[in-house]
Every structure is written in structure tokens, then in C-alpha cells.
Amino acid sequence: MPTDKTPVQQHLDDAGRRGGEADRLLSTARREMGLQGADYVRIAAQVQAAGVYAQLAQVSALAAQTAVFLPAADDDQEQ
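According to the numbering used here, the sequence shown holds residues 1 to 79 in order.
Hints are supplied without guarantee of correctness; some may be wrong.
Dumping the calculated SDA-like pairs for lysine to any residue here, alpha-carbon to alpha-carbon at most 25 Å [claimed, not checked]:
id	residue 1	residue 2
1	5	62
2	5	46
3	5	59
4	5	64
5	5	39
For each label pair, taking beta carbons as the anchor points, the in silico distance ranges come out as [as the list claims (entries may be wrong)]:
id	residue 1	residue 2	range
6	39	6	18 to 28 Å
7	64	37	39 to 49 Å
8	21	64	33 to 43 Å
9	44	16	12 to 22 Å
10	30	63	33 to 43 Å
It is worth saying that the hints were derived from the structure and are not from the lab. Ideal placement from N, C-alpha and C gives every residue a C-beta, glycine not left out.
From just these sequences and the hints, can you work out the full model?
Written out as C-alpha cells, the structure reads:
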């Protein structure tokens, strides 16, 4: 039975899936195309950067979800 996911949960799932797909593609390219040296390092760096962006998206989504439960900063300053 499928569960309804919030947009934040769906975003986190999508980001995790993209990171896993990138790792698999890099492994396949290295094996099948014989990537080595500078070519492999360049592509691996791009894959790692994509992973960092996915992690930042996760942090942003969690921060947005958490912000709902926190008082606004302006509320503290007005008192």
C-alpha cells in the first residue's frame, strides 16, 4: 500500500536516487570505457559535486521542514 509523501520527503528520495545512479554510471563508464587518469578524475569530481548538491538539497529541505516549528527571528527581537 503506497503512502502519501510530502514534497520534502519526495525531494529527499529523488536526491538520494540521483546520487546512487551517478555512482553506478561512473563505475560502468570506468569499467566499460577503460577510463583512467585525468579523464577518470575529472568525471569522478563531477559526480562528487553532484552528490554535494544532492546533500545540500537534503539539508535545505530539512531546514525548511524544521523552520515550520521554530519562531521567526523577528518575533524574538520585538519583545
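Pair hint outcome, residue 5 versus residue 46 [Cα-Cα no greater than 25 Å]: violated (30 Å)
Pair hint outcome, residue 5 versus residue 64 [Cα-Cα no greater than 25 Å]: holds (16 Å)
Given hint residue 39 paired with residue 5 - CA-CA distance at most 25 Å: Roughly 39 Å between the alpha carbons, so the hint for residue 5 and residue 39 is violated.
Proposed proximity, residue 59 with residue 5 (alpha carbon, max 25 Å): holds (18 Å)
Distance restraint hint 18 to 28 Å, applied to the beta-carbon atoms of residue 39 and residue 6: With a Cβ separation near 41 Å, residue 39 and residue 6 fall outside 18 to 28 Å, so the hint is violated.
Assessment of proposed distance window 39 to 49 Å (beta carbons of residue 64, residue 37): Given range 39 to 49 Å: holds, Cβ gap about 41 Å.
Cβ separation of residue 44 and residue 16, checked against the hinted range 12 to 22 Å: holds (19 Å)
C-beta pair residue 21, residue 64: status relative to the range 33 to 43 Å that was hinted: violated (24 Å)
Holds or violated: residue 5 to residue 62, with C-alpha atoms at most 25 Å apart: It holds: about 14 Å lies between the C-alpha atoms, which stays within 25 Å.
Whether the CB-CB distance between residue 30 and residue 63 falls inside 33 to 43 Å: The hint (33 to 43 Å, Cβ to Cβ) holds, given that residue 30 and residue 63 are roughly 35 Å apart.
Comparing the model with each earlier hint shows violations of hints 2, 5, 6, 8; every other hint is respected.
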